[in-house]
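One letter stands for each residue in the lines below.
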Amino acid sequence: MAAISPDSVQTSRSLLPSVEKREKLRKTRKFRDGLSLYGVGAGGLGVIFALALIFVYLFYETMPLLKPVSMEVSTTYAVPGEMPVTPTMHLTLDRFEEIGGRFSESGVITFFNARNGAILSRIELPIPEGERVTSFGRSESRKSLFVYGFSDGSVLPVKVDYEITFPDGVRRVTPRLSFPLGAEPTGIGGKEGAQYSALEIVDGRGGYVIAAGTVAGDIAMALYSTTTSMLTGTVEIRRQDFNLPNLGAPVSQLLVNESLRNLFAIDATGTLHHFDIVDRSRPVLVEKVALVPSGVEFRVAEFLVGSRSLIVGGSDGSLTQWILVRNDDTGQSNLTQIRAFKPHNAPITFIEPEHSRKGFIAGDASGTVGIHYATSSVSLKFLSVADTPINRLAISPINRVALVETVDAEALTVLAIDNPHPQTSLSGLWGKVWYEGRDAPAFIWQSSSADDAFESKLSLVPLSIGTLKAAFFAMLLATPLAIMGAIYTAYFMSTPMRKIVKPSIELMEALPTVILGFLAGIWLAPYIENNLPILVIGAVLIPAGVLVWGYLWSRMPANIRNSVSAGWEAAMLVPVIIVLGWVTVSMSPWVEFWFFDGSMRQWLTDVGIPYDQRNALIVGMAMGFAVIPTIFSIAEDAVFNVPKHLTQGSLALGATPWQTVIGVVLLTASPGIFSAVMIGFGRAVGETMIVLMASGNSPIVNFNIFEGMRTLAANIAVELPETAVGSTHFRVLFLSALVLLAFTFVLNTAAEVVRQRLRKRYASL
Amino acid sequence: MKQWWKSGSPWIWLNGGAVSISIIMVFGLLALILVRGFGHFWPHNVVSTTFVQPNGEVMQVIGELRKSETLTAQSLREAGLALPADQVLATRHLFKMGNRDVTGRDFVYMVDNFLGEWTYPKNIAVFERREWGDFYGVPARLLESGQTVAEGDALWADFQRRLDRSNRLFDDIRRIERHDIGNVNFRLERVRLDQRRAELRGTLTPEMEREFAARRQALDQEYAAIQDRLNALLADVRRDAIVMQVADGREVTIGLDRIVNAWQPNNMSAVSKVGFYIKSFGDFIFGYPREANTEGGIFPAIFGTVVMVLVMSIIVTPFVVLAAIYLREYAKQGPVLKAVRISVYNLAGVPSIVFGVFGLGFFVYVLGGAIDSTFYPEALPAPTFGTPGLFWASLTLALLTLPVVIVSTEEGLARIPSTIRMGSLALGATKGETLWKVVVPLATPAMMTGLILAIARAAGEVAPLMLVGVVKLAPTLPIDGNFPFIHLERKIMHLGFHIYDVGFQSPHAEAAEALVYATALILVLLIVALNLSAIMIRNRLREKYRAEGD
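Heads up: the sequence lines are chains A and B, in that order. For the first sequence, position 575 (counting from the first letter as 1) is numbered 575 according to the numbering used here, and the numbering increases by one without interruption. For the second sequence, position 39 (counting from the first letter as 1) is numbered 39 according to the numbering used here, and the numbering increases by one without interruption.
Errors might be hidden in some of the hints.
As a list, the in silico PhoX-like pairs of lysine-lysine whose alpha-carbon atoms are at most 20 Å apart [as the list claims (entries may be wrong)]:
1) B:K437 - A:K30
2) A:K381 - A:K499
3) A:K143 - A:K159
4) A:K67 - A:K381
5) A:K760 - A:K644
6) B:K431 - A:K24
7) B:K122 - B:K273
8) A:K432 - A:K342
9) B:K273 - A:K760
10) A:K27 - B:K437
11) A:K288 - A:K342
12) A:K27 - B:K431
13) B:K332 - B:K431
14) A:K30 - B:K431
Some chain B residues close to chain A (C-beta under 10 Å, calculated; not the full set) [to be verified]:
15) S7
16) E78
17) L81
18) L89
19) F319
20) F362
21) P417
22) E433
23) A456
24) L523
25) L530
I should point out that these hints are in silico values taken from the structure, not numbers from a laboratory. Idealized CB from N, CA, C, for every residue including glycine.
Make the full structure from the sequences, and use the hints.
Below, the structure written as structure tokens:
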């Protein structure tokens, strides 16, 4: 350093930045370094967080399915109505939960603000001079159709509609009362002056039906059909009367279903008389059913929405569900109890079905209200509202508010209910469920229909079975081909050929599955259908042909054998297999002619195996094709990376190459091959497009290779775009996505862990 | 024999057979797509023959042979055909007979037994029409405003000239409809939104209202002018027509404005067929779809796929770089990181439909809904971003391909020799500088490989896209001449979805089949090209580092 002359110092000064500048530069660099550290850290963590968000979000969307039901008293107010208050016949609520309606015994209908009880309007029915109200009947809740019966035996049907207007852009709901059969009370049957103990009205196919029963056990029924004149616009009403046999006991309740096929008359002893009224002029008594066991009194029965099933409440607090089940021997439909709900502690006094799904609320004599759901057969919540028996209940069409009136009470109680997804109990999703209109409990996926009264069937079992079925058949094809191919490629194949073969098979993985699905559905499915025997012939002929070729080759003169160097056998087999394939295809019609009476498809049907054109076989072949490269690639790596000294040692000890493969290579690489199969299986489980296009998508529960299936993934693709956001169906689809995610994630993680351990073992060997 | 069996060679041969089968399957599949896809555009000869119908009537048939297959006679007998009892095999041919509007049956299977002699008359013409599929027939007369102007030999040349004219006019009409009218509508909608926005903010003054009305009126006038021009063109394009004789001798008049393309395949030389082939291939790639996508081109689908993939790449690249560098360089290596890394890798194996569900639920409904209520309240209740669209599709695919690219990039980072890093640090560079100036540039090719693989996967992915923004027919392209030029909220068309939709949801599945093969071909070519380039980059990269590492 001492040797540096002043001159050189001067020149170097021009090169080096000044102290301040260096300080500044250092600061900038440090800042940048920190920026890089924290920026990258934040970005990286952000990405990991975003990926974790998938789990969190799917879970968040499915959580509401598990949320317990809540029901609590939100307010009470004085019973709104006329002065003096007469007993309530019925309560209603509109779909915006703003307006309540109260039908009283004096024939006055009062509409009131459902939140505070303020009276909005009061309508008096035109009761005939000098008569009084003796009975009341109603149709399903969603129809808002009611009927009053008067002491002179006449009846007056009443319909409530809610008119929605938007004055000044604010929604306003106005209740409107109408008389579908005119404002004049009308007679029913021939019995003038009869006092009805039971009254029922139905707006069915073909007109209004009103049925009335008396204490004497008589039942009268009338069908009112309305025709509107095209020219004058006047409505003409025609009435047909029908009489049913006497029950022999006071009629306590009458129920007619919407299809106007069955009439259920329940007498005071709790016996249900089931009449077939398809031919209304000649009603047939089909059966008598005891709705309650002896020692228990029948209290009340009500149809669930759609009037296909009946909920029966007894004096012991029991609640049972009955549907018509067709008896194959007699050809008749019999009323059968399909489930019982958790009983109340006191006699049931009132049942109110929900408007658009298969649930109901029930009140009992101890003042407790219970929420029950039929499809999932659960009793979701009980709430003690009062000490006196429940008299009337009303639930809003969107199931969030209920009105409760107890006997002798001066106040109405308003309940706030939160019960959005009653259908998804564990048994509802995974167990056999006895659905309405079915002969027996079954696993069914049938998520939607145009009608509110449809019972949606959300069993995940058919979808899960379908998923496993598709994956199973795919693996059946892919596993042997891929693993055998991997062993050969990694261990026997010559290096130059391997360099071509491996990328080619891996290229298969990149082929869009939509193309595979398209080919499977459009080309392969009809082809196989017309040439079914090629499967049988191919499965026998091709392996046999390969073996024969192998044997012949070993007998060939040495100079021919040596012309193909070792490790190129597979290349030599390509033309052989093509020829064998051609033979298979051209033999197919002949085999069909010789062994299967000319048409194998017909033959299959004759022996009782249903055949769909798009079936599990086609899916298996197409998806097998998609899975082969996945398994092949990983298994090939595992085999190829078996340390060379192990195989060489084995060969040196005198084992044949094949013995070495079985005894050393496969044994060492088996965890890797296992993880390859697992990853392949994961891919097959989640594959969407192939199944969507090649499977027919019918959610059936069987393992027939010649029938289709619907998988979880395909089901999501088909149904998610069309379902209502936030509905039970929507959330169940999210649940199935979560199931798929969790399943494949666990599978892949297990496979990855196995592979990592294998890698460590290889390193230590 | 026994010894050969014992040596284990049979097993080796069987294993070899498995490889051969896999190889045959891969190349067989590619060959199938190539042959069928490329075959779609070739002007096949048209057969003229007779067919004896089951009721004994003889019918004249003109059609294009689509395929022939051999079946057992029994299966045809079961289908109700009267075949001789001693016949074992039967050949049936699928003819494309076109003329969907005339006969109602454009694809017919005919069993060889009932067919007469096949001839290839030179004067048969094939029309590709704008509606009702193809038309097959013999030209009879050419009409101008209802008057015959050409017949016989002179007809075809004159017809071609007039067809060119009508097609030019039609292109003008299409341009006006698509571009000019679309533009006016776009501006009208904007006026409406501007007004609504002002209304919502409470800043709408009577002055502004007048201004909006004036703007609207100006646009209405513009629209009326365009409409006049359009009407004139429409009247003009309908001038010419041609009278054609179909197979059963009936005469059908077809307006030239209904015809896209016309050719006489039996009268074409091989050279002109090649020319025709190239032209129709071009039309397919650059044309717009017609007839519920079963005819015409696939340009919007190609365009949609490319734009979506590009947007995805733009989204995915920065995040991948950050995540990979974080995992490899900054994060503390340990069991937690190992678990995180395995989880990220495993997301690559999660079914794509799950990402679609997430995209629909979280991106579209949650994020999109929030964006709409914050930035586009004037358009509500019509959603802007709260509905599936280009951006959400790209974002979902970005999430889907993230793991793939992260794995690849991490590998690239790991492969860079530590000597290079050490060298940089030893020269006084900070860690950040070493990373961004030395390591990352070296790892770029690896990242590119990953990105290309991701693009290939994204281009072929369909299931999640069905949920988050791909539709059967998008009325507008996601990029056009209207500000802001790239419309991220628009729905797009996609090649893969096009295949699914046209192949499985279209009313004329048979007519569309050839087109689907051609679409599949384009998609396969795109993906194979992407994959091959990724493989090439990877190989070159390996060589490079092998050299530098030594």
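### Straight-line alpha-carbon gap A:K143 to A:K159, limit 20 Å
Given that 20 Å is the threshold and the Cα spacing comes to 8 Å, the pair holds.
### Task
Using Cβ atoms only, decide whether B:L81 comes closer than 10 Å to chain A, and label the hint accordingly.
With a minimum Cβ separation of about 13 Å from chain A (threshold 10 Å), the hint on B:L81 is violated.
### Message
Check the hint pairing A:K30 with B:K431 against an upper bound of 20 Å on the C-alpha distance.
### Response
Measuring from Cα to Cα gives roughly 10 Å; hence the hint holds.
### Message
Check whether the Cα positions of A:K432 and A:K342 lie no farther apart than 20 Å.
### Response
Holds, at about 19 Å.
### Query
Can B:E78 be said to touch chain A, with a Cβ gap under 10 Å?
With a closest approach of 6 Å, the B:E78 hint holds.
### Task
For the pair we were handed, B:K332 and B:K431, check the Cα-Cα distance against 20 Å.
holds, 15 Å
### Hint consistency between A:K760 and A:K644 [alpha-carbon to alpha-carbon, up to 20 Å]
Measuring from Cα to Cα gives roughly 16 Å; hence the hint holds.
### Message
Checking hints one by one. Is B:S7 an interface residue toward chain A, by the C-beta closer than 10 Å rule?
### Response
holds, 6 Å
### Message
Does B:L530 hold up as a contact with chain A if the rule is Cβ-Cβ below 10 Å?
### Response
holds, 8 Å
#### Entry: Interface restraint verdict for B:A456 against chain A (beta-carbon cut-off 10 Å)
holds, 6 Å
### Task
Assess, step by step, whether the Cα of B:K431 is no farther than 20 Å from the Cα of A:K24, and give holds or violated.
holds, 18 Å
### Message
Check the hint pairing A:K27 with B:K437 against an upper bound of 20 Å on the C-alpha distance.
### Response
Between A:K27 and B:K437 the Cα gap is close to 18 Å, so the pair holds against 20 Å.
Checked against the numbered hints listed earlier, the structure breaks hints 2, 9, 11, 17 and 21; every other hint is satisfied.
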